[in-house]
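Q: Residue numbers (the numbering used here), protein chains in the order written: chain U, 1 to 340; chain G, 1 to 340.
Everything labelled a hint here was simulated from the structure, so no lab data went into it.
Wrong hints could be hidden among the right ones.
One copy or two, it doesn't matter: identical chains are merged, so the pair holds either way.
Here are the simulated SDA-like pairs of lysine to any residue, each with C-alpha atoms no more than 25 Å apart in a straight line [stated by the list, open to error]: (1) 270 to 308; (2) 241 to 292; (3) 31 to 294; (4) 315 to 266; (5) 270 to 315; (6) 270 to 311; (7) 241 to 55; (8) 165 to 181.
So the chains spell out like this:
Number of protein chains: 2
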Amino acid sequence: MIIDCHGHYTTSPRQHEGWRGEQIEAHKAGKPPPPRPRITDDEIRESIANGQLKVQRERGTDLTIFSPRAAGMGHHLGDATTSEAWASACNELIHRVCSLFPQNFIGVAMLPQSARVSPKNCIPEIDRCVNEYGFVGINLNPDPSGGHWQDPPLGDRYWYPVYAKMVEYDIPAMIHVSASCNPTHHTTGAHYLNGDTAGFNQLMTSSVFKDFPSIRFIIPHGGGAVPYHWGRYRGLAQDAKLGLLSDVVLKNIFFDTCVYHLPGQELLAKVIPVDNILFASEMIGAVRGIDPETGHHYDDTKRYIDQLPLSAADKAKIFEGNARRVYGRLSATIEKQSAR
Amino acid sequence: MIIDCHGHYTTSPRQHEGWRGEQIEAHKAGKPPPPRPRITDDEIRESIANGQLKVQRERGTDLTIFSPRAAGMGHHLGDATTSEAWASACNELIHRVCSLFPQNFIGVAMLPQSARVSPKNCIPEIDRCVNEYGFVGINLNPDPSGGHWQDPPLGDRYWYPVYAKMVEYDIPAMIHVSASCNPTHHTTGAHYLNGDTAGFNQLMTSSVFKDFPSIRFIIPHGGGAVPYHWGRYRGLAQDAKLGLLSDVVLKNIFFDTCVYHLPGQELLAKVIPVDNILFASEMIGAVRGIDPETGHHYDDTKRYIDQLPLSAADKAKIFEGNARRVYGRLSATIEKQSAR
Numbered sequence: 001m002i003i004d005c006h007g008h009y010t011t012s013p014r015q016h017e018g019w020r021g022e023q024i025e026a027h028k029a030g031k032p033p034p035p036r037p038r039i040t041d042d043e044i045r046e047s048i049a050n051g052q053l054k055v056q057r058e059r060g061t062d063l064t065i066f067s068p069r070a071a072g073m074g075h076h077l078g079d080a081t082t083s084e085a086w087a088s089a090c091n092e093l094i095h096r097v098c099s100l101f102p103q104n105f106i107g108v109a110m111l112p113q114s115a116r117v118s119p120k121n122c123i124p125e126i127d128r129c130v131n132e133y134g135f136v137g138i139n140l141n142p143d144p145s146g147g148h149w150q151d152p153p154l155g156d157r158y159w160y161p162v163y164a165k166m167v168e169y170d171i172p173a174m175i176h177v178s179a180s181c182n183p184t185h186h187t188t189g190a191h192y193l194n195g196d197t198a199g200f201n202q203l204m205t206s207s208v209f210k211d212f213p214s215i216r217f218i219i220p221h222g223g224g225a226v227p228y229h230w231g232r233y234r235g236l237a238q239d240a241k242l243g244l245l246s247d248v249v250l251k252n253i254f255f256d257t258c259v260y261h262l263p264g265q266e267l268l269a270k271v272i273p274v275d276n277i278l279f280a281s282e283m284i285g286a287v288r289g290i291d292p293e294t295g296h297h298y299d300d301t302k303r304y305i306d307q308l309p310l311s312a313a314d315k316a317k318i319f320e321g322n323a324r325r326v327y328g329r330l331s332a333t334i335e336k337q338s339a340r
Numbered sequence: 001m002i003i004d005c006h007g008h009y010t011t012s013p014r015q016h017e018g019w020r021g022e023q024i025e026a027h028k029a030g031k032p033p034p035p036r037p038r039i040t041d042d043e044i045r046e047s048i049a050n051g052q053l054k055v056q057r058e059r060g061t062d063l064t065i066f067s068p069r070a071a072g073m074g075h076h077l078g079d080a081t082t083s084e085a086w087a088s089a090c091n092e093l094i095h096r097v098c099s100l101f102p103q104n105f106i107g108v109a110m111l112p113q114s115a116r117v118s119p120k121n122c123i124p125e126i127d128r129c130v131n132e133y134g135f136v137g138i139n140l141n142p143d144p145s146g147g148h149w150q151d152p153p154l155g156d157r158y159w160y161p162v163y164a165k166m167v168e169y170d171i172p173a174m175i176h177v178s179a180s181c182n183p184t185h186h187t188t189g190a191h192y193l194n195g196d197t198a199g200f201n202q203l204m205t206s207s208v209f210k211d212f213p214s215i216r217f218i219i220p221h222g223g224g225a226v227p228y229h230w231g232r233y234r235g236l237a238q239d240a241k242l243g244l245l246s247d248v249v250l251k252n253i254f255f256d257t258c259v260y261h262l263p264g265q266e267l268l269a270k271v272i273p274v275d276n277i278l279f280a281s282e283m284i285g286a287v288r289g290i291d292p293e294t295g296h297h298y299d300d301t302k303r304y305i306d307q308l309p310l311s312a313a314d315k316a317k318i319f320e321g322n323a324r325r326v327y328g329r330l331s332a333t334i335e336k337q338s339a340r
């Protein structure tokens with residue numbers, strides 16, 4: 001079984017993101033938002049059948065751990081109230097996708113974060129997504145200000161209410177920023193990767209893993225700059241007397257494989273232990289073209305892993321086993337959704 | 001000849017950085033700064049002989065392209081006046097090092113930047129450093145706010161006065177941030193690498209290379225996240241209809257080798273054309289320990305390059321030839337300083 005742990009609903013029916021625009025406009029004008037648009041099951045079916053499901057089949061993957069569009073989270077827009085309504089609408093739509101295609105999609109929640117608003121306010125949405133929707137993880141945005149980095153680092157107790165819930169429910173968080181509203185940081189060309197790198201460093205230098213020994217985080221996009229600079233991080237951890245980097249982070253931090261060329265994947269698999277790598281493509285996502293050097297989509301990451309000099313057992317860990325371990329509720333959810 | 005293109009004077013006599021502290025305290029108190037401290041030639045000799053020169057000799061390198069301590073630039077502290085006085089003091093000290101050790105050090109200027117102050121005010125210091133001190137390049141901080149990213153991106157015409165000077169003098173700029181005052185970004189564990197990645201992306205998506213076809217930038221720390229995500233950047237350039245990434249950036253952008261483990265160096269040399277890689281270590285710098293996996297310093301980057309499967313001619317480009325090409329005034333300066 002091939003599990004892609006990083007997919008976003010980038011192909012949602014147009015009226016969904018349309019409503020978001022209206023909601024933010026209404027907020028700016030000090031008015032209540034318009035009623036939420038009607039989205040039919042057929043519209044959802046079509047958006048998936050011609051989108052992520054089609055690509056799953058073309059590439060030979062089986063299941064996508066699926067969450068709302070990351071750039072669309074827009075935690076820097078509106079306020080806590082608009083974020084709550086938007087997260088609720090987005091997660092409900094993911095739940096409908098997972099209900100319509102239970103063999104192919106399992107949900108991960110977007111949180112109703114807002115810059116400088118305590119993440120405590122995310123707890124009800126986590127409760128709902130886990131208990132009512134059967135979601136198996138969350139996306140945690142370390143920078144709800146959208147490129148201005150105005151909230152405390154992930155090691156701060158500010159974030160602990162979310163961490164306590166993650167441990168309680170046995171769900172991991174993917175550290176994933178949203179769109180950048182800072183012109184110095186292109187969303188997919190700089191802010192995403194920099195969010196990964198900063199998030200890793202914040203956790204590495206924190207007490208989070210001492211305070212929550214069983215907590216698990218996925219750093220997406222191949223870990224940002226981290227595996228390429230693994231020697232630098234080993235050295236920084238050593239200079240800071242944190243101990244061996246592998247001891248410090250590898251029980252709790254995992255990296256996905258959203259790296260869009262073979263040499264990058266080779267580095268990832270060489271540097272990071274195979275137990276800490278989870279297959280992912282983020283299709284249909286940031287990079288949609290076909291690589292003229294290979295004739296295949298840049299984000300068809302399965303092809304790169306197929307070419308790595310790893311044993312079948314190790315590849316099975318990357319493709320399936322590690323996801324089942326890191327997402328503690330995944331195996332039970334697969335069983336439940338498969339039975340439908 | 002082995003030229004290390006990335007060294008900072010991290011071992012300067014104590015009273016130098018001591019004065020900086022006093023200067024900033026005086027500025028906060030609305031008072032004039034105290035007079036600059038006396039630093040003798042012997043003190044400078046000692047700081048270098050027991051510091052960077054000692055390490056050059058131990059590692060078998062010949063010449064360091066040398067600039068003031070990057071984290072010490074502190075462009076977020078004080079104002080334009082304090083930055084001018086501090087840049088002037090720092091560059092003068094580099095000039096004294098280069099005068100005392102003309103065979104081993106050639107200078108690169110720190111600029112008197114300040115957040116939200118036009119970089120036009122850097123021109124007199126560039127003039128002085130090139131014309132009076134014989135410096136061969138500059139360090140350009142893309143984020144003088146120290147982790148808050150409040151200035152325009154590097155593609156903005158805001159930066160063009162500096163670019164025009166670079167072209168006029170045939171000097172490249174290393175894109176190098178200073179210390180972070182944003183608690184989400186550890187200076188050497190996140191801000192440096194993220195500055196590299198953001199800076200690259202800003203230039204890639206800009207018209208700078210159309211407007212200044214001969215301009216040259218060095219992205220330090222192995223290019224931040226960029227070479228590891230070279231496929232992503234190729235795809236982003238393609239999706240944005242910018243053309244082939246190699247055509248877009250490789251006439252103007254170069255990467256140094258400050259990557260502190262062999263697998264990272266292997267990736268860099270595999271992905272980036274050898275003509276675009278410049279040897280560098282940033283010793284004595286961010287990572288000072290000995291790697292228990294190799295028994296050698298993490299930042300002894302020459303050892304990694306010695307192990308790469310490249311021809312002697314290609315290694316000579318990385319160690320010497322590319323630096324002479326990218327730093328247009330370097331060869332003449334080497335000749336001049338060697339004659340002393």
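Q: Take the hints in turn and mark each one as holding or not.
A: Cross-check of the supplied hints:
no.: 1; hint: 270 to 308; verdict: both (10 Å within a copy, 16 Å between copies)
no.: 2; hint: 241 to 292; verdict: between (46 Å within a copy, 14 Å between copies)
no.: 3; hint: 31 to 294; verdict: neither (51 Å within a copy, 64 Å between copies)
no.: 4; hint: 315 to 266; verdict: both (13 Å within a copy, 23 Å between copies)
no.: 5; hint: 270 to 315; verdict: both (13 Å within a copy, 24 Å between copies)
no.: 6; hint: 270 to 311; verdict: both (13 Å within a copy, 24 Å between copies)
no.: 7; hint: 241 to 55; verdict: between (46 Å within a copy, 23 Å between copies)
no.: 8; hint: 165 to 181; verdict: neither (29 Å within a copy, 31 Å between copies)
When each numbered hint is compared with the structure, violations occur for hints 3 and 8.
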